[in-house]
Amino acid sequence: MQVQDIIERKLAGRFDLQHLEVINESSGHNVAPGSETHFKVVLVASDFQGQRLLARHRQVNEALSAELAGGVHALAVHTYTEGEWRDRFGEAPLSPPCLGGKASEQPKTGDQEAR
Amino acid sequence: MSEDILDTIKEQIEANPIILYMKGSPAAPQCGFSAQTVQCLVACGQRFAYVDILSNPEIRATLPQYANWPTFPQLYVSGELVGGCDIITEMFESGELEPLIKSAVEAA
Chain A
1 MQVQDIIERK LAGRFDLQHL EVINESSGHN VAPGSETHFK VVLVASDFQG
51 QRLLARHRQV NEALSAELAG GVHALAVHTY TEGEWRDRFG EAPLSPPCLG
101 GKASEQPKTG DQEAR
Chain B
116 MSEDILDTIK EQIEANPIIL YMKGSPAAPQ CGFSAQTVQC LVACGQRFAY
166 VDILSNPEIR ATLPQYANWP TFPQLYVSGE LVGGCDIITE MFESGELEPL
216 IKSAVEAA
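For the record, the sequence lines run as chains A and B.
No gaps in the numbering here: position 36 of the first sequence is 36 in the numbering used here, and each next residue is one more.
Every position in the second sequence, counted from 1, becomes a number in the numbering used here once 115 is added.
None of these hints come from the bench; they were simulated from the model.
Misleading hints may appear alongside valid ones.
[To be verified] A short, non-exhaustive set of chain B residues, derived as facing chain A with CB atoms under 7 Å:
#1 CYS146
#2 GLY147
#3 PHE148
#4 GLN161
#5 ALA164
#6 GLY198
#7 ASP201
[As the list claims (entries may be wrong)] Just a sample of chain A residues kept apart from chain B, beta carbon distances all over 10 Å, derived:
#8 ASP5
#9 LYS10
#10 GLY13
#11 LEU17
#12 SER27
#13 GLU36
[Said to hold, decoys possible] Just so you have them, the derived chain B footprint on chain A, three or more residues with Cβ under 8 Å:
#14 58 to 70
#15 83 to 93
Glycine residues also receive a C-beta, built at the ideal position from the N, C-alpha and C atoms.
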């Protein structure tokens, strides 16, 4: 199974989702074609009601801890309640551009990158 | 986890009201997420400390376990983890970051 599918399944199993996007952004980075190293996830879930951003992100990081400890080098996380998502008209922020660091030479380390 | 490194990290976080653990330096960030976080902090107009984790591999290896936060950058304000690039950017855009940073500097 592809890492992208695993991430989707794990998040879907962990949260009461109204909306989920898992985007492989690896092609914008200094890695081989077809890599699954850089992801962005956008979650709209009722779980986030009344939770601060830090707590929301901790839950996402925990759900994907195996992936972050493995081949996933960077994870951008955007979390919203249904109301917050509506206020944004369904738009998540763009990830910043790569600055050329080579993920493949830094296994087990990441950018918002995981260690 | 080495006790010495843990002590170093604790001292850094306690001694500096605003400290960013990042890849590279504010003048020459080595990762887009670190660069964007620096931009938000600079725009808040207060001095901040930073640690380049690329040149401090022991801190890079230890801080994620200590903080229970797997990624970099990591911003600490008044001794507490605020978050990484996505959280800092969102707080900057919503106007929450600047007063938080300012009050941390004033309280220090």
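> Since LEU17 (chain A) was said not to touch the interface, does its Cβ keep a gap of more than 10 Å from each Cβ of chain B?
Replying inline: holds, 18 Å
> Once the shortest beta carbon distance from ASP201 (chain B) to chain A is found, is it less than 7 Å?
Replying inline: Constraint on ASP201 (chain B) satisfied, holds at 5 Å.
> Can we trust that LYS10 (chain A) is non-interface, i.e. its beta-carbon lies farther than 10 Å from all of chain B?
Replying inline: Correct as stated: the minimum Cβ-Cβ distance to chain B is 15 Å, above 10 Å.
> Does GLY198 (chain B) pass the interface hint, meaning its C-beta sits closer than 7 Å to a C-beta of chain A?
Replying inline: holds, 5 Å
>> If you count the residues of the segment 58 to 70 of chain A with a beta-carbon closer than 8 Å to a beta-carbon of chain B, do you get 3 or more?
In response: Coverage by chain B holds here, the residue count being 5 at a Cβ distance below 8 Å.
> If you take the shortest Cβ to Cβ gap from GLY147 (chain B) to chain A, is it below 7 Å?
Replying inline: holds, 3 Å
> Once the shortest beta carbon distance from PHE148 (chain B) to chain A is found, is it less than 7 Å?
Replying inline: Constraint on PHE148 (chain B) satisfied, holds at 4 Å.
> Would GLU36 (chain A) pass as off the interface with chain B, using Cβ distances and a cut of 10 Å?
Replying inline: For GLU36 (chain A), whose nearest Cβ neighbour in chain B is about 16 Å away, the distance exceeds 10 Å, so it holds.
>> Checking a non-interface call: every C-beta of chain B should be farther than 10 Å from the C-beta of GLY13 (chain A). Is that right?
In response: holds, 19 Å
> Does the interface hint hold: is GLN161 (chain B) within less than 7 Å of chain A, judged Cβ to Cβ?
Replying inline: violated, 21 Å
> Does the claim that SER27 (chain A) lies off the interface hold, with its Cβ farther than 10 Å from every Cβ of chain B?
Replying inline: Answer for SER27 (chain A): holds, closest chain B Cβ roughly 14 Å.
> Taking 10 Å as the cut and beta carbons as the points, is ASP5 (chain A) off the interface with chain B?
Replying inline: holds, 21 Å
The structure shown violates the earlier hints numbered 4, 5, 15.
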